[in-house]
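4 protein chains.
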Amino acid sequence: MNFQSDNQSSVFPEIINYLNIVNKNSSPAYGADKVTKLATNMLIELFETKLKVIYVSSGTAANSIALSSICPPYGGIFCSDNAHIGGDECGAPEFFTGGAKLLPVPTINALITERNLTKVINNYGLHGIHEVLPSAISLTQASELGTLYTPEDIHKITHLAKKHNLKSHMDGARFSNACASLNCTPAELTWKNGIDILSLGTTKNGTISCEAIIIFNQGIIDDIERRQKRTGHLWSKNKFIAGQIIKWLEDDNWINAAKKANAQAGTLRFLLNNIKNVTIKYPVDVNMVFASIPKKIQNLLKDKNVKFNPWYGSENLTRFVTSWDTKNSELKEFESIIKNI
Amino acid sequence: MNFQSDNQSSVFPEIINYLNIVNKNSSPAYGADKVTKLATNMLIELFETKLKVIYVSSGTAANSIALSSICPPYGGIFCSDNAHIGGDECGAPEFFTGGAKLLPVPTINALITERNLTKVINNYGLHGIHEVLPSAISLTQASELGTLYTPEDIHKITHLAKKHNLKSHMDGARFSNACASLNCTPAELTWKNGIDILSLGTTKNGTISCEAIIIFNQGIIDDIERRQKRTGHLWSKNKFIAGQIIKWLEDDNWINAAKKANAQAGTLRFLLNNIKNVTIKYPVDVNMVFASIPKKIQNLLKDKNVKFNPWYGSENLTRFVTSWDTKNSELKEFESIIKNI
Amino acid sequence: MNFQSDNQSSVFPEIINYLNIVNKNSSPAYGADKVTKLATNMLIELFETKLKVIYVSSGTAANSIALSSICPPYGGIFCSDNAHIGGDECGAPEFFTGGAKLLPVPTINALITERNLTKVINNYGLHGIHEVLPSAISLTQASELGTLYTPEDIHKITHLAKKHNLKSHMDGARFSNACASLNCTPAELTWKNGIDILSLGTTKNGTISCEAIIIFNQGIIDDIERRQKRTGHLWSKNKFIAGQIIKWLEDDNWINAAKKANAQAGTLRFLLNNIKNVTIKYPVDVNMVFASIPKKIQNLLKDKNVKFNPWYGSENLTRFVTSWDTKNSELKEFESIIKNI
Amino acid sequence: MNFQSDNQSSVFPEIINYLNIVNKNSSPAYGADKVTKLATNMLIELFETKLKVIYVSSGTAANSIALSSICPPYGGIFCSDNAHIGGDECGAPEFFTGGAKLLPVPTINALITERNLTKVINNYGLHGIHEVLPSAISLTQASELGTLYTPEDIHKITHLAKKHNLKSHMDGARFSNACASLNCTPAELTWKNGIDILSLGTTKNGTISCEAIIIFNQGIIDDIERRQKRTGHLWSKNKFIAGQIIKWLEDDNWINAAKKANAQAGTLRFLLNNIKNVTIKYPVDVNMVFASIPKKIQNLLKDKNVKFNPWYGSENLTRFVTSWDTKNSELKEFESIIKNI
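Protein chains in written order, with the numbering used here: chain L, 693 to 1033; chain W, 693 to 1033; chain X, 693 to 1033; chain P, 693 to 1033.
Chain L on its own, in the form it takes in the complex:
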């Protein structure tokens, strides 16, 4: 039983089969092919608006190319104090932007509040050009702790951002889980509420390696295609990356997979919560459960081959992640294991 991360989950079989089909025809390189065009059109339909798409093969790349395109080297990006871009990308945003700074905002359950952002912004800038130029905010949806911004939350924050000339980025590594949980359309969670540019993650929810930078507000970016190229993120055989998204979107695969993952986390939350001395630490809005588990119980679980990750913050904190292919049988098995604890 593996609850370490949704990035260890498998790929929708129809995606790989589709790559086989796509492979049958020769196509122009670097995204000038029909498969890429179709994928982009499907994304336009999904988001119900004009947009530009850049396909890359990691979330780190998507976030960093997006941010470097909206923040100058002497700029700053407000983000959650535990954002993935801050702690888990080995300085990629600093590297891609040419040295811009991430400006952490205190959060509640990993969520930036309008109030906290206002405070941080207002407390900023006393030293003029000795400080970086605030240029963007980045929201993580779902957050690193599996919590969610409502459309209203997003609106409030991007509204505040615009007032301060900040562009709004969303790190959507688990964007589908957010849509599923909030029962919102992709449009509602993004451009309809002020998001300018989105890193749309699909890898954690069933593709091989496809993260799409979705640009809603083309006026704010610079030459993002050259940024993609010079960071080594332009595939020659682009249809094999864009093609993944076609089958991901088709037949509502993406949202169904996210619903499944979320539901499994709900069950897992329930099961964990039943263990004595185990405490659930944060609302389980999507497919992650953070639980404080005494070391002794952690070891018992490990002995039974239950895999999960320790987490930052306190000694007993752990993270369990489900995915679209977390089996019911696995949860059953987990249930029987914890009965004997």
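Don't read these hints as lab results, they were simulated from the structure. Check the hints yourself; a few may be wrong.
When chains are identical, the list treats them as one kind, so a pair holds in a single copy or across two.
[Stated by the list, open to error] In the PhoX-like style, the derived pairs of lysine-lysine whose C-alpha atoms are separated by at most 25 Å in a straight line are:
| hint | residue 1 | residue 2 |
| --- | --- | --- |
| 1 | Lys-1019 | Lys-999 |
| 2 | Lys-1024 | Lys-848 |
| 3 | Lys-1024 | Lys-952 |
| 4 | Lys-994 | Lys-726 |
| 5 | Lys-999 | Lys-716 |
Start from chain L and add chains W, X and P according to the hints.
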């Protein structure tokens, strides 16, 4: 008929089928899986030596991560005056290294000679720290013009490099074509003749998107895994990139594919050479033919749906590239077309 | 009366006179001159050890060149949560290092404690290469809040640093004030207690623009001269920057100036403390007084042409800085002003 | 006798005296002082137009900050194939811009011609986003070989540049020598003929360390003050750098000094030309003489303590540079030395 680039060629079907198999099991992320281990072991066997492998999804990434790992920001890299890293990667080496300089060496048919490199090195450094520190050389094998370094050529150049404390990188975007044409082992074209680090291209010869950085001399690199991560080039589901190389290597697929591509170019060269007023410009050592073709004939070919690229240098210069899946029937058709010119 | 910053203070007249003398002879450029040699020898004598010196014209440059020379682009630098390098250099350390991260350590009165550093270090690294490589610590002496590390404090922290393979940098923008206050030799506050590299500030204490990077541990730096050159910080007429330090050191000018500045701050602290509703916020160890002053009183002071700066953290927080040329008469005048408040 | 470089020449004594005067008053830091304001106003008057000035202390800094402000990281800068920014700044432009490329243009006597630039531009861009985006041109006036662009030359080149959306930078390390030789106003050699931004050198012609970035076309730059700050090039006591330019400009000091330097080079050229087997290689338009001198004669000169530099390109090539304080007596002495060769 498409002779624009081998990066438009299709993928070995067995590779995609293998991804389907690989997909069946859950695996740890970020390369800690068994598929990655197997791929690396197969590369160790192929190269007959200990080595470290970093899997990335573009040649630009492979070259730039490799170079940044062996050249400081204040360093310089000697390379061919028409190297891909200089003219076709939108400044990626400069970006990844933090601003190092490419120092072009005059070439004969795109090949650096010991003599020219000696001259450039000796003419360098008069201004001390006002100039960048020469730190590496980069050889392209096969070269941008489809010509080749013999093992002896490589030995001479890397020997000279070592004398000047330069590390030796090889851009092997078409490395298999070189092995096939020279009838040399991968070891002979690399570490046995002084290459420290290789960008091993496979995408142009039958994979989806797999370029492997092969590090022979681990003493010369710094924390290349962190460089891979912070440039966004570490896949979470790494088995899908490493897995490609398993089927690429198996059953000598790679070298057979390269032989086929080279042979087709030989035929194409012969056919082009037969057209009146067409001149073959460079030795056709691998799978590329550079031909000077009067515009009028170029247009006739285009009218017949023959695709090829214009090339730098003179108005009539063109490039034709074959690949492992250039069909005999295509060459037949081409033959019948040119008969009517 | 100007208490805004010691960087507004004047220059020792003997320094400018000395530049006149130095100007009489032609000299080789870029630091190969006798004046530079003399300055460096005087610094060797002052610090009682072998060392290498790089002369630059701003503290930002000194800090950033030093840090980039000891921390790779994928590295991290532990520093105070209110360090100058973090908040007042517009991202210079990130830029010079090629994107390294500053890792803030919680402080007490702006001082890093062994305990806090231990906690932060131990809480770090759970995510392997997804996090930057901890590479250095940077201590600010005197701190941004005018507090001080004792030699024992420094020893404890650098000892901990070495245990974790971290190099130790000191930002000594107000290093002379620290020496004066602690009655310690420069050696005791640096290499004798584990500091590898020091940004020695002199501009705030009587020179025009001379900040010296003092390298005690030459084994840890890379090609720092090329870093100096490529960041535009190598003066051609270097004797005019190094020459400043000669007269700064001569006749104990530097330490006497620092003592004077500290003493004036002591008086100022006393005077401010006497104002009703004014609270001194931090120990006044050097030449800075941080006082919480009701806005109304702040305005009264401003009306009397008393200049000081608002400070981060709370609405009423202010900073008063004295310098070597804060006149007794100014303090007298200040005394008479506050009597009438 | 020292003809190695004008950057070894001395400083106008009135400049150092003026710093003494300037030192008498306390002033706000970072350029908000009256001295800086006066200097800028004098530059406005000199150039007969509105402009913005950034004061830095090296030519490398001036060039690199200027270029980074007008060229994106994925951009390219056309420049002379022997430009100082290309060969003598240790990669500073690449570093400051975040990895932009210098695109060398073949030159005649180090001068870019309209014809050559046209050719290079037209031959560029075949590979779209795989190549950097041409963003600027940089002209060196006077050139590295001491030759000059006439106002008409400048106009033609900047006109061509504008047609291709390129911004026009001038590296004016020896700008005063150019004005003196061409008998042109600063305006004629810059904005009146299309230059957008100028690195105005003064250090080689009588100041301590003052290079001013002069921005004529403020619409083209981004937040250049933050670039200045984050590269460590903002002096806190800015009046001491800006102040230098006041006395440099006053009483036509600058142009008289340049005339003197040029005249001494004319004499030196005449004397060198009289030596048997010595050939003058380039037009002597300003204060530099490039001469091919047999090694034997070079050694004789060195024995007589005549200092000069070897130069790139051929074994016998040498460079002699005069300055505003090259004494007539030195030239007399040189004359007597060569009589005996």
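We went through each hint and held it up to the structure:
no. : hint               : verdict
1   : Lys-1019 / Lys-999 : within (15 Å within a copy, 50 Å between copies)
2   : Lys-1024 / Lys-848 : neither (42 Å within a copy, 52 Å between copies)
3   : Lys-1024 / Lys-952 : within (15 Å within a copy, 54 Å between copies)
4   : Lys-994 / Lys-726  : between (48 Å within a copy, 21 Å between copies)
5   : Lys-999 / Lys-716  : between (40 Å within a copy, 19 Å between copies)
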